[in-house]
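Participant: These protein sequence lines are chains A and B, in that order. Residue 352 in the working numbering sits at position 358 of the first sequence, with consecutive numbering throughout. Residue 375 in the working numbering sits at position 381 of the second sequence, with consecutive numbering throughout.
Hints may contain errors.
For chains that are exact copies, the list does not tell them apart, and a pair is met inside one copy or across any two.
Listed below are the simulated DSS-like cross-link pairs for lysine-lysine, each with C-alpha atoms no more than 30 angstroms apart in a straight line [as the list claims (entries may be wrong)]: (1) 333 x 272; (2) 394 x 333; (3) 201 x 8; (4) 213 x 333; (5) 272 x 63.
These are computed hints drawn from the structure, not numbers from a lab.
Protein chains: 2
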Amino acid sequence: MAAEEWDLYGRLIKDYDGNYTYEGINGDRLAKRFHAISEIGLTDDGGSRRIGFSKEEKQAKDLMKIWMKEAGLNVSEDGAGNVFGRLEGKDHSLPAIMSGGHVDSVPNGGHFDSPLGVLSALEVVEAWKETGYQPNHSYEIAIFSDEEGARFNSGLTGSRAMAGEVDMELQRTLVDQDGNSFAKVMEDIGLSEESFAEAARDLSGIKTYVEIHIEQGAKLEAQNLPVGIVSGIAGPAWLEVDFIGVAGHAGNTPMTERQDALVAAGDFVRTIHQLPGKVSDSAVATVGKLHVHPNGANVIPGKVSLIVDIRDIYADTRNELTLRIIEEAERIADNCGVKANHQQNLEVTPVPIDDERKQLLSLALEKHDIKPVEIPSGAGHDALIIGHHLPVAMLFVNSKNGVSHNPEEWSSLNDIVQGVHVLKTYIESID
Amino acid sequence: MAAEEWDLYGRLIKDYDGNYTYEGINGDRLAKRFHAISEIGLTDDGGSRRIGFSKEEKQAKDLMKIWMKEAGLNVSEDGAGNVFGRLEGKDHSLPAIMSGGHVDSVPNGGHFDSPLGVLSALEVVEAWKETGYQPNHSYEIAIFSDEEGARFNSGLTGSRAMAGEVDMELQRTLVDQDGNSFAKVMEDIGLSEESFAEAARDLSGIKTYVEIHIEQGAKLEAQNLPVGIVSGIAGPAWLEVDFIGVAGHAGNTPMTERQDALVAAGDFVRTIHQLPGKVSDSAVATVGKLHVHPNGANVIPGKVSLIVDIRDIYADTRNELTLRIIEEAERIADNCGVKANHQQNLEVTPVPIDDERKQLLSLALEKHDIKPVEIPSGAGHDALIIGHHLPVAMLFVNSKNGVSHNPEEWSSLNDIVQGVHVLKTYIESID
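Looking at chain A on its own, in the form it has when it is part of the complex:
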């Protein structure tokens, strides 16, 4: 998409019928703000490039700070670069409600993941301002740093820093693709390793966190629904499996005398594809990364290394699935006369959303005549980290064709505005 053709505002407004602009929520304002953020780090093919801890991410946060101040919020920033905008509630004895997201992106991402989270959280404040409403609970907008993790192949960095879930020893060893250390990256945006380590916050002052995000899937689209309830946020478990056979000459080794690591790995990939549905409706398992050694066309593979990404929104079913996958690796290796080694390298505890929060979200959707459906989130979000410490809730907005992390990422302004209404209603309904 050529730069002169670029106009996210115009594209958002084009199909907007304005019917959902009431109670102070303003689709035109939202569209203008989406457009303004989209111009920061705009890529040649019309995508977003605002890597975590980059000057583009900082620029987007600075713009959000201006709007938050204009909306009357008390703006602050912590040592990890997380930005907060606070509105005092009527009752100072009550803990605050927090909502937000992030403004960093993958290297050539879209314009909705997740300006949607922070702009929606801000639009709720704008609506309150226009209608003269003051909530009982104080309200905080959070803009978390480096959610995508594109810089250090990590992710959820800002929320982990706030929640005290960072292993600083590991964090200090990180080096980005340009060879910059974590310390250097922090310094370049006016932060430091020390300030980052001090970002951990006492979360007792926050009652709950709610995040609105694009679905990144096509279930809402299939049912023609603008907004849905997230039933839980899957935590990934990464299982590294090595199949170890014996390399040999592809011409001289009879089929019956082979210990071919790829025959075992192939059977494994195909077999575990059938397993998630046997354990849980929301479980998934994927072999996305696989290397063959020595990987020569005329050499029988001596070793195959792969990673199984296993997810569910419930820890018990995810763990059961992991065990069954390990059993299959061992059974198949035995059958093929090879060995299987495995190691679990990453394990993030999943966060099912509790019934009380799903009930409130459901009432909020019904108030806006939207059928409440529940969808598990396979992707991680800042709400996953915060959910380890506080009750959290999430809403999904309809994603066109389920496409995400791509310039083609799209949600209609009609659906977005309905999402903000549901978010606002939900926040107002919290006791």
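Chain B: place on chain A using the hints.
Facilitator: For chain B alone, kept in the frame of chain A given last:
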């Protein structure tokens, strides 16, 4: 293995009982010559590094030239660097018998593939000289250039040049790992593209070619036999298969909505492993090289590219196997909701050895009290290329543990000397 411990001669002689040294064939001379060649391009771990068209390959050829001249042969070299040593037979009207091999190696190869071929061919001449025997047919030793193809990822280069099987247009585009063009590589050893193109020889002056080679497999060892008959030389066919699915988020895409290219490829690899035995006893099929795209742990594979190396000593069964493999690719792709594209990139016609030659080899083995067994050659040899133009024969010598292309490659001197006896008897038996 430290250089000061290096002594191939001593290792060969250690277990040699000398019982097979008669009729002018001399195990001690053979061991000394194996040792002398092994010192050219000796690697730190006791292997051979004599890449095709390197100064080490040339040095080994030069040493062979000295020995051939000492044995009374008329030595010549063609424009591809192939070296010939010719002994005139009694009857000048008869076409010559040719035997030989190559002295180049893979980058860290062993000491038998294939000094065995050229030293055995020469030992036959030495034996004739000692016993005062002159064959009816003229006899030529051939030392072919760059059989292994380690320099340009090709192979059988010298024999292809002699047989006129080189596509010069393609040959001129080759570049080695150091960035040297084919022309530069030729110049560095005193040859040229032009001389190379002129190496094609009228083969009507040659009646047949015979090559003795290590088995590179463990069938002779399993039967405790020193020498065996090669039933045919498999020509590889390389089938490139791409499975094309749809990349997606490993968390957000339900299992039932995936078009996972690796699930299809995995099923394919496992399935075609079962096929060769259904088509032919000597057929093999191997997926040694496979790449996943984009190969991210949390991304459903959108594409898998792989190569199937399909071999048999008979063209019809190899072609039948290739067709069945293509059918499986299409069937499995259909089942998995992905697409399969295929392309055949390499196809070398296999060479079954004719009955007349196998019969003569069998008689030669029986004369030396060796049970004649037939073994297919899955690997390619110069005899494969020459076999497209002339009747050829091959003998295999027992390989310890079947190991080849490795410093551990080993054949005992007892077995080698018996191989030379069989080779000599066979050559003498040709009308």
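Participant: For every hint, state whether the structure bears it out.
Facilitator: Each hint tested on the structure:
Taking identical chains as interchangeable, the C-alpha atoms of residue 333 and residue 272 lie at most 30 angstroms apart whether they share a chain (26 angstroms) or sit on different chains (27 angstroms). In this assembly of identical chains, residue 394 and residue 333 lie within 30 angstroms of each other by CA distance solely across copies; the values are 24 angstroms between and 44 angstroms within a copy. Within a single copy, residue 201 and residue 8 get their C-alpha atoms no closer than 39 angstroms, and across copies no closer than 83 angstroms, so neither meets the 30 angstroms cut-off. Taking the shortest Cα distances, residue 213 and residue 333 sit within 30 angstroms of each other only across copies (24 angstroms), while inside one copy they are farther apart (40 angstroms).
For the identical chains of this complex, residue 272 and residue 63 are neighbours neither inside a copy (51 angstroms) nor across copies (76 angstroms), given an alpha-carbon limit of 30 angstroms.
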